[in-house]
Amino acid sequence: MKFVFHLIILFVVFYAGFGASAEESGYKGPKNLFFIGGGAIITKNPYKGIDTETHGIPIFLYKTDRFSFFGPRMSYSLFKDDGWELNGLAKVRFEGYEEDESDYLRGMDDREWTVELGGSLSNTFSLGKLTTDFAADILGEHKGHEFRFYYSYDFRDAFQIPSLIMTPNIGVNYRSHQLNDYYYGVRSSEAIAGRPEYDAGDSTGLMAGVRVNYNLSEDLILMSMISFEWLASEIKNSPIVDEDHIESFLLGLIYRF
Numbered sequence: 002m003k004f005v006f007h008l009i010i011l012f013v014v015f016y017a018g019f020g021a022s023a024e025e026s027g028y029k030g031p032k033n034l035f036f037i038g039g040g041a042i043i044t045k046n047p048y049k050g051i052d053t054e055t056h057g058i059p060i061f062l063y064k065t066d067r068f069s070f071f072g073p074r075m076s077y078s079l080f081k082d083d084g085w086e087l088n089g090l091a092k093v094r095f096e097g098y099e100e101d102e103s104d105y106l107r108g109m110d111d112r113e114w115t116v117e118l119g120g121s122l123s124n125t126f127s128l129g130k131l132t133t134d135f136a137a138d139i140l141g142e143h144k145g146h147e148f149r150f151y152y153s154y155d156f157r158d159a160f161q162i163p164s165l166i167m168t169p170n171i172g173v174n175y176r177s178h179q180l181n182d183y184y185y186g187v188r189s190s191e192a193i194a195g196r197p198e199y200d201a202g203d204s205t206g207l208m209a210g211v212r213v214n215y216n217l218s219e220d221l222i223l224m225s226m227i228s229f230e231w232l233a234s235e236i237k238n239s240p241i242v243d244e245d246h247i248e249s250f251l252l253g254l255i256y257r258f
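Going by this note's numbering, the first residue of the sequence shown is number 2, and it counts up by one from there.
Don't take each hint at face value.
Listed next, the in silico DSS-like pairs over lysine-lysine satisfying Cα-Cα at most 27 Å (straight line) [stated by the list, open to error]: (1) Lys237 / Lys144; (2) Lys49 / Lys144; (3) Lys45 / Lys144; (4) Lys49 / Lys237; (5) Lys130 / Lys81; (6) Lys237 / Lys45.
Keep in mind that the hints were calculated from the coordinates and are not lab data.
Here the structure is a predicted model, which is why all the values come from computation and not from measurement.
Please put together the full structure from these sequences, using the hints given.
Below, the structure is given as structure tokens:
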């Protein structure tokens with residue numbers, strides 16, 4: 002489980018605009034999009050004692066005019082007009098750990114995955130795309146919520162290379178006290194020497210990344226993504242955290258059916 006949280010970040014940020022990029026890259030086929038492929042992900046975990054890891058992963062994307070499914074996230078378009086789009090969304094949050102993953106986590110209760118429901122509102126205009134989304138726990142694990150607001154822009158034929166699309170993005174997120182404390186807090190029953198009790202409050206953090214798509218052919222796409230999330234003091238001051246940021250890199254090859 003320890004690498005999946007970074008995969009979620011990559012999927013969410015990479016998805017925000019990927020379907021549109023695929024549709025606008027010169028493809029003249031049916032409106033429904035179905036991609037399947039594989040790749041590798043390199044992740045740096047914020048928890049103490051969990052090192053940077055590399056994993057092979059499958060990649061799957063299905064998108065229609067209203068419905069999309071990509072990795073751990075599903076969305077359905079409720080309204081779309083003149084650049085505006087309102088979506089309902091569901092996603093899985095794997096931002097947890099098992100206590101045997103690190104000596105620093107021994108004696109902690111496992112922090113479990115959960116399902117979140119929410120929505121997103123975006124506006125695509127000449128200078129890029131603005132998106133805000135919200136998601137809240139529905140399984141009663143962390144019992145919290147998260148707001149995110151980010152901006153992205155597609156540079157098509159980047160560096161004058163045909164079929165190369167580069168999309169940088171930057172944004173902020175707000176994480177509730179319940180969300181942070183569940184994944185980064187230390188309960189009184191878990192406190193030991195060197196790991197004091199810790200109550201992680203709500204936080205606001207900065208996110209940034211770059212997504213790159215290159216069409217090797219009409220149906221074969223090379224994709225990559227690098228993302229960073231700078232952790233607010235409410236998270237990085239936790240006694241079970243030893244990083245001030247999260248970083249992930251994804252490289253993959255997908256085929257359009």
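Hint check results:
1. Proximity of Lys237 to Lys144 is assessed by CA-CA distance (about 21 Å); at most 27 Å being required, the pair is judged to hold.
2. Between Lys49 and Lys144 the CA atoms are separated by roughly 24 Å; this keeps the pair inside 27 Å, and the hint holds.
3. For the suggested pair Lys45 and Lys144, the alpha carbons sit about 26 Å apart, so the restraint of at most 27 Å is met.
4. Distance hint between Lys49 and Lys237 is fulfilled; the C-alpha atoms sit about 11 Å from each other, no more than 27 Å.
5. As the CA atoms of Lys130 and Lys81 are separated by approximately 14 Å, the hinted pair is consistent with the 27 Å bound.
6. Distance check on the hinted pair: Lys237 and Lys45 sit about 14 Å apart at the alpha-carbon level, within 27 Å; holds.
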